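Q: Here's the letter readout for the chains.
2 protein chains.
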Amino acid sequence: MNKMIELIQNHRSIRKFEDKLLSDEQIKTIVESAQAASTSSFVQAYSIIGVKDKQKKERLAELAGGQAYVAENGHFFVFCADLYRHQLIAENYSQDASEALESTEKFMVAIIDATLAAQNAVLAAESMGLGAVYIGGLRNQLTEVCELLKIPPYVIPLFGVAVGYPAQQPDKKQRLPLQHIYHEDEYNQDKVAYYQQLNDYDEEISAYYQKRTNGKRKDTWTGQMAGLLAKPARMYMKKFVEQQGFNKR
Amino acid sequence: MNKMIELIQNHRSIRKFEDKLLSDEQIKTIVESAQAASTSSFVQAYSIIGVKDKQKKERLAELAGGQAYVAENGHFFVFCADLYRHQLIAENYSQDASEALESTEKFMVAIIDATLAAQNAVLAAESMGLGAVYIGGLRNQLTEVCELLKIPPYVIPLFGVAVGYPAQQPDKKQRLPLQHIYHEDEYNQDKVAYYQQLNDYDEEISAYYQKRTNGKRKDTWTGQMAGLLAKPARMYMKKFVEQQGFNKR
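Going down the list, the protein sequences come from chains X and Z. All letters in the first sequence, in the order written, are residues 1 to 249 by full-length UniProt numbering. All letters in the second sequence, in the order written, are residues 1 to 249 by full-length UniProt numbering.
No lab work stands behind these hints: they were computed from the structure. A portion of the hints provided could be inaccurate.
Pairs of lysine-lysine residues, derived as BS3-like cross-links and limited to a Cα-Cα distance of at most 27 Å, are as follows [said to hold, decoys possible]:
hint, chain 1, residue 1, chain 2, residue 2
1, X, 231, Z, 248
2, X, 248, Z, 231
3, X, 3, Z, 3
4, Z, 191, X, 52
5, X, 3, Z, 20
6, Z, 231, X, 239
7, Z, 191, X, 56
Treat the numbers as computed from the prediction; the structure is a model and nothing was measured.
Just need the whole structure built from these sequences, with the hints factored in.
A: Okay, here's the thing in structure tokens:
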């Protein structure tokens, strides 16, 4: 196993950072790494907002559901799906591009582009000895996030990434069995095998929680998922992304 | 600059591979690297189909618009947004999870999860001396792709990744200026600066094409984008993703 694969496979989300800011040089290296990712038909349909302002970070922490590490970190990045510059280009070419811009296809392209860039950023940061955590909670209240960060139409903040000097070393959480995620030549729809894999995985995850909490917690993964599915979250999203100009046709 | 950042920043899409298959060990390492990526609320809402069957690869190459490297490579991965196992879990808990599963939010979560995993896979492959290219053309005809790979509901193939031993060393394409992609504290909506950046970038990209083609091509980036926007692509996508159970509310 080479160093890069070791780094990739040793990933943990870091949620507690030392009180030390990233340098501008570090930020630049991280953003340049993000930009080096592949992009669908070279569209580069994303942008990144780096938040330094302490008050803005605190407000974002509130909006994301009160996670302290959104404010307390070395730097906070907001990754956005972005077709705003494409809209400006169309304007400049006196072209009505709304059909393309508003399509579900382009919505997907912009999410994929932004996410490829983000994962490059996270790995670049980790390779520099920094830690990182994705903040999906940013999607809790996107209207407010957009106001705060002056986000124009055709842009959707997708998630945050808090980066900084790690002040914790959490355990690695075991993923689903490889054969559950990875299929060969066709999707394996054998439900009996599927449920068996989930069952085995539940036992593994439950043992992990029991060990970590001295027996206090023994959640299973399917139990967690069932709980999550029972509380539909962020149901305003469809309307919100349409208001931003995406996913309308 | 450390080795990892060098690797990330030296990324090029490889579209010509030696006639040599990946070993099962290499495939396993790549998939395990994919699995190590972060996942929203630990949902692991993706799956990967590795295609070895030569006929299936050739059919996928056709469906993706006739790109030879979809069939001719060391291994072909299809990355899917996947809430199928979550649907099975809900069934098992006698729970109606359709509101959550069908939400635009969960559609985004599944795309993000699959894409984080994919970028880990690509970088793992590159660190092993392999090359890779994303195949967005897979989305040209997803109904046929789903038939071929026996994809169940609540699963959407998002893109392919062809991996193999590189048989070419393409130039690196210059990305948008950093300050165009990266904003500080708020989104910079200064249109004059924006158009100026695009103009500078157009000159750079045009010089790149002229050099590469001995003056035959001199496209600008905004020209390419305007061309792309003028031909709305994959407009069946909204209906398709809804039929698969996603993005309905």
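Q: Work down the list of hints and note, for each, if the structure agrees.
A: Do the hints match the structure? See the list:
no.	hint	verdict
1	X:231 / Z:248	holds, 17 Å
2	X:248 / Z:231	holds, 17 Å
3	X:3 / Z:3	holds, 9 Å
4	Z:191 / X:52	holds, 23 Å
5	X:3 / Z:20	holds, 24 Å
6	Z:231 / X:239	holds, 26 Å
7	Z:191 / X:56	holds, 24 Å
Hint compliance for this structure: no hint is broken.
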